[in-house]
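K.L.:
First residue of the sequence shown: 1, per the working numbering; consecutive thereafter.
Hints in this document: simulated from the structure, not taken from any laboratory.
Fair warning: this is a prediction, and the values are worked out from it, not measured in the lab.
Careful: at least some of the hints might be erroneous.
[As the list claims (entries may be wrong)] Straight-line C-alpha distance at most 20 angstroms; calculated EDC-like pairs for lysine to aspartate or glutamate:
#1 Lys71 with Glu104
#2 Lys71 with Glu10
#3 Lys35 with Glu66
#4 Lys76 with Glu111
#5 Lys83 with Glu110
#6 Lys35 with Glu104
#7 Lys103 with Glu12
#8 Lys83 with Glu10
#9 Lys83 with Glu118
#10 Lys103 with Asp64
#11 Lys76 with Asp128
#12 Lys76 with Glu152
#13 Lys103 with Glu10
#14 Lys76 with Asp56
#15 Lys35 with Glu12
#16 Lys35 with Glu110
#17 Lys76 with Asp64
#18 Lys76 with Asp96
#19 Lys71 with Asp90
#20 Lys83 with Glu111
#21 Lys103 with Glu115
#22 Lys103 with Glu63
#23 Lys76 with Glu144
#24 Lys76 with Asp90
#25 Lys76 with Glu94
#26 Lys76 with Glu66
#27 Lys83 with Glu115
#28 Lys103 with Glu66
#29 Lys71 with Asp96
[Said to hold, decoys possible] Label pairs and their calculated CB-CB ranges:
#30 Gly28 with Tyr114: 26 to 36 angstroms
#31 Leu37 with Gln153: 27 to 37 angstroms
#32 Pro85 with Ala2: 22 to 32 angstroms
#33 Glu118 with Tyr163: 42 to 52 angstroms
#34 Leu57 with Asp90: 23 to 33 angstroms
#35 Glu164 with Glu63: 46 to 56 angstroms
#36 Gly70 with Glu164: 49 to 59 angstroms
#37 Gly74 with Ile129: 14 to 24 angstroms
#38 Gly38 with Leu160: 36 to 46 angstroms
#39 Glu164 with Leu37: 42 to 52 angstroms
#40 Asn116 with Glu164: 48 to 58 angstroms
C-beta atoms are modelled at their ideal positions from N, C-alpha and C, and glycine is treated no differently.
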Amino acid sequence: MAHLNIVLHEPEIPANTGNIGRTCVATGTRLHLIKPLGFSLSEKALKRAGMDYWKDLDVTVYEDYEDFLGKNPGAKIYYATTKGPRTYVDVQYEEDCYIMFGKESGGIPEEILYENQETAVRIPMLQDIRSLNLSNSVAIILYEALRQNHFEQMQMAGSLRNYEWK
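Sequences and hints are given; from them, build the entire structure.
P.N.:
This is the structure in structure tokens:
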């Protein structure tokens with residue numbers, strides 16, 4: 001079974017990474033964290049942040065971007081950035097692709113974006129807005145990739161506790 005992959009390049013805010021981790025658990029998506037991290041991944045710190053689902057998360061931590069590339073040779077990577085030349089709906093996400101997001105204060109380094117222009121994507125927004133919240137950006141693009149892959153193996157219908165849908 002193929003999995004989508006979310007990559008956080010040097011994330012700084014633990015609550016964002018926690019929200020993203022929860023979204024990854026809910027969608028069967030792998031999470032990749034590239035150091036340095038702006039927080040501790042100790043069990044105590046994770047519990048304090050309310051991340052009791054972290055034990056269910058498929059997460060890998062890398063020392064730096066080069067370590068990530070070396071351990072994922074041939075990975076198809078999309079780079080989410082406010083500087084992207086095309087929107088996130090203008091590409092076709094493969095079922096095992098990687099979608100990378102940068103740190104909250106500065107995004108993905110421009111030299112990485114410059115080297116990967118053909119797979120840099122953006123979420124449209126008004127011109128005066130600097131960026132969206134990182135966890136919201138991940139959810140927007142991840143769910144588009146899931147939609148394009150037909151929500152493979154995901155529960156598609158909800159149920160009421162006391163009633164049946166007509």
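K.L.:
Each hint needs a verdict: does it hold in this structure or not?
P.N.:
Going through the hints against the structure:
{"no.": "1", "hint": "Lys71 with Glu104", "verdict": "24 angstroms, violated"}
{"no.": "2", "hint": "Lys71 with Glu10", "verdict": "17 angstroms, holds"}
{"no.": "3", "hint": "Lys35 with Glu66", "verdict": "11 angstroms, holds"}
{"no.": "4", "hint": "Lys76 with Glu111", "verdict": "18 angstroms, holds"}
{"no.": "5", "hint": "Lys83 with Glu110", "verdict": "9 angstroms, holds"}
{"no.": "6", "hint": "Lys35 with Glu104", "verdict": "14 angstroms, holds"}
{"no.": "7", "hint": "Lys103 with Glu12", "verdict": "6 angstroms, holds"}
{"no.": "8", "hint": "Lys83 with Glu10", "verdict": "18 angstroms, holds"}
{"no.": "9", "hint": "Lys83 with Glu118", "verdict": "12 angstroms, holds"}
{"no.": "10", "hint": "Lys103 with Asp64", "verdict": "13 angstroms, holds"}
{"no.": "11", "hint": "Lys76 with Asp128", "verdict": "31 angstroms, violated"}
{"no.": "12", "hint": "Lys76 with Glu152", "verdict": "19 angstroms, holds"}
{"no.": "13", "hint": "Lys103 with Glu10", "verdict": "5 angstroms, holds"}
{"no.": "14", "hint": "Lys76 with Asp56", "verdict": "25 angstroms, violated"}
{"no.": "15", "hint": "Lys35 with Glu12", "verdict": "10 angstroms, holds"}
{"no.": "16", "hint": "Lys35 with Glu110", "verdict": "17 angstroms, holds"}
{"no.": "17", "hint": "Lys76 with Asp64", "verdict": "18 angstroms, holds"}
{"no.": "18", "hint": "Lys76 with Asp96", "verdict": "8 angstroms, holds"}
{"no.": "19", "hint": "Lys71 with Asp90", "verdict": "28 angstroms, violated"}
{"no.": "20", "hint": "Lys83 with Glu111", "verdict": "12 angstroms, holds"}
{"no.": "21", "hint": "Lys103 with Glu115", "verdict": "18 angstroms, holds"}
{"no.": "22", "hint": "Lys103 with Glu63", "verdict": "15 angstroms, holds"}
{"no.": "23", "hint": "Lys76 with Glu144", "verdict": "16 angstroms, holds"}
{"no.": "24", "hint": "Lys76 with Asp90", "verdict": "16 angstroms, holds"}
{"no.": "25", "hint": "Lys76 with Glu94", "verdict": "8 angstroms, holds"}
{"no.": "26", "hint": "Lys76 with Glu66", "verdict": "15 angstroms, holds"}
{"no.": "27", "hint": "Lys83 with Glu115", "verdict": "13 angstroms, holds"}
{"no.": "28", "hint": "Lys103 with Glu66", "verdict": "16 angstroms, holds"}
{"no.": "29", "hint": "Lys71 with Asp96", "verdict": "15 angstroms, holds"}
{"no.": "30", "hint": "Gly28 with Tyr114: 26 to 36 angstroms", "verdict": "32 angstroms, holds"}
{"no.": "31", "hint": "Leu37 with Gln153: 27 to 37 angstroms", "verdict": "30 angstroms, holds"}
{"no.": "32", "hint": "Pro85 with Ala2: 22 to 32 angstroms", "verdict": "27 angstroms, holds"}
{"no.": "33", "hint": "Glu118 with Tyr163: 42 to 52 angstroms", "verdict": "50 angstroms, holds"}
{"no.": "34", "hint": "Leu57 with Asp90: 23 to 33 angstroms", "verdict": "30 angstroms, holds"}
{"no.": "35", "hint": "Glu164 with Glu63: 46 to 56 angstroms", "verdict": "52 angstroms, holds"}
{"no.": "36", "hint": "Gly70 with Glu164: 49 to 59 angstroms", "verdict": "53 angstroms, holds"}
{"no.": "37", "hint": "Gly74 with Ile129: 14 to 24 angstroms", "verdict": "35 angstroms, violated"}
{"no.": "38", "hint": "Gly38 with Leu160: 36 to 46 angstroms", "verdict": "41 angstroms, holds"}
{"no.": "39", "hint": "Glu164 with Leu37: 42 to 52 angstroms", "verdict": "46 angstroms, holds"}
{"no.": "40", "hint": "Asn116 with Glu164: 48 to 58 angstroms", "verdict": "49 angstroms, holds"}
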